[in-house]
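Undergrad: Below are the chains, spelled out letter by letter.
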Amino acid sequence: MQALIPDYRRDLEIRRYPLLVYVFVPLAALVLQAWLPRLMGRYAYMDLPLLVTIYFAINRRSPIHGTLLGAVLGLMQDGLTQRPIGIHGIANTVVGFLAASIGIRLVIENNLIRMLLNFAFTLLSSALMLFIVGMMLGLSWQVNWVDELLRAGGNAAIGLVVFPFLDRLQTRD
Amino acid sequence: MESFFGRYRNLIVVLAVVLAQVMGLAVQVRKPAVAQGSMPGQTRPEGKGVMLIRLWAVSAVSPFERGFHGVSDDLTGFWNNYVNLQHVRDQNKQLQQTIDRLRLEQAELHEDALQGQRLQALVKFREGYAYATLPAQVIGTSGSNQSRVLYLDKGLDDGLKPDMAVITGDGIVGKVRDVFARTAQVLLINDQTSGAGVVLEKTRIRGILRGNAAGQPQVINILADQRIQPGEQVLTAGGDQIFPRGLPVGAVEKVVRDPERSGFIEVVIKPAADLQHLDEVLVITSLDSKMSPQQQKDLAASEDQKGAEAAELAAEAERKKAAQEMEERLPGLNNPNAPDAGGANPAGTNPAGATPALGQMGPDGKLATNASQLPTPKPIPAKHPDRFSPGVLSDGVTGSGTDTPGQTPNGGETQPKPANPKPISITGAVKPRTSRRVQ
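The listed protein sequences correspond, in order, to chains Y and Z. Residue 12 in the working numbering sits at position 12 of the first sequence, and the numbers go up by one each step. Add 1000 to a position in the second sequence, counting from 1, and you land on the number used in the working numbering.
Hints listed in this document are in silico derivations from the structure and should not be mistaken for laboratory results. In this text, all values refer to a predicted model and were calculated from it rather than measured experimentally. We treat Cβ as the ideally placed atom computed from N, Cα and C, and that holds for glycine. Careful: at least some of the hints might be erroneous.
Unchecked claim - Far from chain Z by the CB rule (all over 10 angstroms, computed), these chain Y residues: (1) 18; (2) 123; (3) 165.
Claimed, not checked - Below, simulated SDA-like cross-link-like pairs (lysine to any residue); rule was C-alpha separation at most 25 angstroms, straight line: (4) Z:1254 - Y:147; (5) Z:1270 - Y:39; (6) Z:1297 - Z:1132; (7) Z:1202 - Z:1239; (8) Z:1270 - Z:1223; (9) Z:1270 - Y:140; (10) Z:1270 - Y:143; (11) Z:1270 - Y:36; (12) Z:1254 - Y:145; (13) Z:1270 - Y:144; (14) Z:1254 - Z:1212; (15) Z:1270 - Y:141; (16) Z:1270 - Y:150; (17) Z:1254 - Y:42; (18) Z:1254 - Y:144; (19) Z:1254 - Y:141; (20) Z:1270 - Y:145; (21) Z:1254 - Y:43; (22) Z:1270 - Y:146; (23) Z:1270 - Y:40; (24) Z:1270 - Y:142; (25) Z:1270 - Y:43; (26) Z:1254 - Y:41; (27) Z:1161 - Z:1248; (28) Z:1270 - Y:147; (29) Z:1254 - Y:140.
Claimed, not checked - Which chain Z residues face chain Y? A few, computed with CB under 7 angstroms, are given here: (30) 1028; (31) 1053; (32) 1065; (33) 1140; (34) 1144; (35) 1187.
Excised from the complex, chain Y in its bound form (with noise of 0.2 angstroms):
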């Protein structure tokens, strides 16, 4: 358990990374979410501007960056969808500035952490979507928890392989 909290001053550094990157690494991700479902079908277990949002979020350890990329981000998915727009907004906006949150205390570099953030952020999502749709619209909707955990089981796959490929785009002083 020691090994999971930072006690050194690399540890809680705050990592900065190129504008070029806040810009396109964001719009691949909604691209790819987009896009990638076609391919795969149904088999598309994956929230990749959620990954995103949840990266730079623990990543900058700032609150405020994290719930403004996560609003952001939310916004553009619900623009794709057919539901009013607000719904992963809220939802990526809440994640975002709880992974800041959370990432100040934590090693962000241990995959086994990563893997646990991005799974249970992942839920908390879904949860939180499930809240703003059925208690605060009041609106039927109807919930496969199984896709759900399969979304979060993807994420958190998906992000072993992404974080340490984003990790490298950062900016060295």
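Put chain Z on the given structure of chain Y with help from the hints.
TA: Here is chain Z on its own, set in the frame of chain Y:
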């Protein structure tokens, strides 16, 4: 105060962002509540701001999707045409043998195929022109399991409008929801917010089709009914003003109880169209016939011609029947020695009397073109003549044969005695034909 904002800056920001989005949601959801009486799945109006966000999202993503779609097609073509050439030699040999065999079969089936093609072309002509459709490519999805929508590469510029039906050759796919300049959003039939009127083919039970959480279309609002069995076909009912009536939707997969209402069931459908792997679709742009005025005129002329031919055939059949009947009723006018030219109408005799067959030779050796030019049939001499026999005088002396029937020897006229005591009305079937040919 400054320290308060500084201390809780993060929390304040996140609350402000969430609050703004909640307000945005409240504005959007207020409008559908007004339109609750509308059909489920009907397109709901949204504010301009919401549409703008949607437009931004679609504008940001769809060009890349379009590019990805094009690149993936090119790569697939490159791979299939140039790279993946394993076992090509063996396949070539097998294909050559297959071609030889097919050529033989083709020769045998050629005649049948020609006839079949002609009939098929006619049927397809009628069916294919029932609705005006526009082919479109699927370029993307919403990317969310909770929102089953597709994006097409056609939009407002191509004439698409909201609430147009989207189909494939197998069955219905969904309906156009939002239309942008070069892109359109299609709501699939397996989305939870979709709605279409359907009817079960055998039991004729009607219901509303919408998706469930697992992404399967299901028919809801149906009372429990033992007659509904898996495999039964489901068709569009046509009452929703979006999908034309009778299009295939799918087949009944299973029947489950409605968990929320006792006594009701949900009929889960296996969709006829493969909703997970759609590449090309057809958008029904108009439920009216798409034939041009000239095509409609041609079709009407063709049908008129077909009707005229049928009428002519019927008249011909009626004429033959009348001739046969006349032949049976007037056996004395038959010349048993005459050759059977024309079936029931032997040469030299005209059983109908007033119905001379055209095309016979006239007395001048020319082809007769109307009834007046035909030779008067000579009566056959009676074996036992009496005073009523033609050409025999009342005093028993045989006349010259030039006497006109109905004329007495003393030159007085009597009423002509009809040869047939029971007149048969056959002129109606024949006269128009005669006059038409003459004209």
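Undergrad: If a hint holds in the structure, say so; if it does not, say that too.
TA: Hints versus structure:
1. 18: Residue 18 of chain Y is indeed farther than 10 angstroms from all Cβ atoms of chain Z, at 20 angstroms.
2. 123: 14 angstroms, holds
3. 165: Nearest chain Z Cβ is 19 angstroms from residue 165 of chain Y, so the label holds.
4. Z:1254 - Y:147: OK: residue 1254 of chain Z and residue 147 of chain Y at ~21 angstroms, within 25 angstroms.
5. Z:1270 - Y:39: Holds, at roughly 20 angstroms.
6. Z:1297 - Z:1132: 18 angstroms, holds
7. Z:1202 - Z:1239: 18 angstroms, holds
8. Z:1270 - Z:1223: 20 angstroms, holds
9. Z:1270 - Y:140: 23 angstroms, holds
10. Z:1270 - Y:143: Roughly 20 angstroms separates the two Cα atoms, so the pair holds.
11. Z:1270 - Y:36: Judged against 25 angstroms, a Cα distance of about 23 angstroms means the pair holds.
12. Z:1254 - Y:145: 21 angstroms, holds
13. Z:1270 - Y:144: Roughly 18 angstroms separates the two Cα atoms, so the pair holds.
14. Z:1254 - Z:1212: The hint holds at about 13 angstroms.
15. Z:1270 - Y:141: 21 angstroms, holds
16. Z:1270 - Y:150: Answer holds: residue 1270 of chain Z to residue 150 of chain Y is near 23 angstroms, not above 25 angstroms.
17. Z:1254 - Y:42: 20 angstroms, holds
18. Z:1254 - Y:144: 18 angstroms, holds
19. Z:1254 - Y:141: 21 angstroms, holds
20. Z:1270 - Y:145: 22 angstroms, holds
21. Z:1254 - Y:43: 22 angstroms, holds
22. Z:1270 - Y:146: 20 angstroms, holds
23. Z:1270 - Y:40: 19 angstroms, holds
24. Z:1270 - Y:142: Satisfied, since the Cα-Cα distance of roughly 19 angstroms is no more than 25 angstroms.
25. Z:1270 - Y:43: Satisfied, since the Cα-Cα distance of roughly 18 angstroms is no more than 25 angstroms.
26. Z:1254 - Y:41: 22 angstroms, holds
27. Z:1161 - Z:1248: Roughly 23 angstroms separates the two Cα atoms, so the pair holds.
28. Z:1270 - Y:147: 19 angstroms, holds
29. Z:1254 - Y:140: Judged against 25 angstroms, a Cα distance of about 22 angstroms means the pair holds.
30. 1028: 4 angstroms, holds
31. 1053: 5 angstroms, holds
32. 1065: It holds, given that the least Cβ distance between residue 1065 of chain Z and chain Y is near 5 angstroms, below 7 angstroms.
33. 1140: 4 angstroms, holds
34. 1144: Residue 1144 of chain Z check passes; min Cβ-Cβ to chain Y is 6 angstroms, inside 7 angstroms.
35. 1187: 6 angstroms, holds
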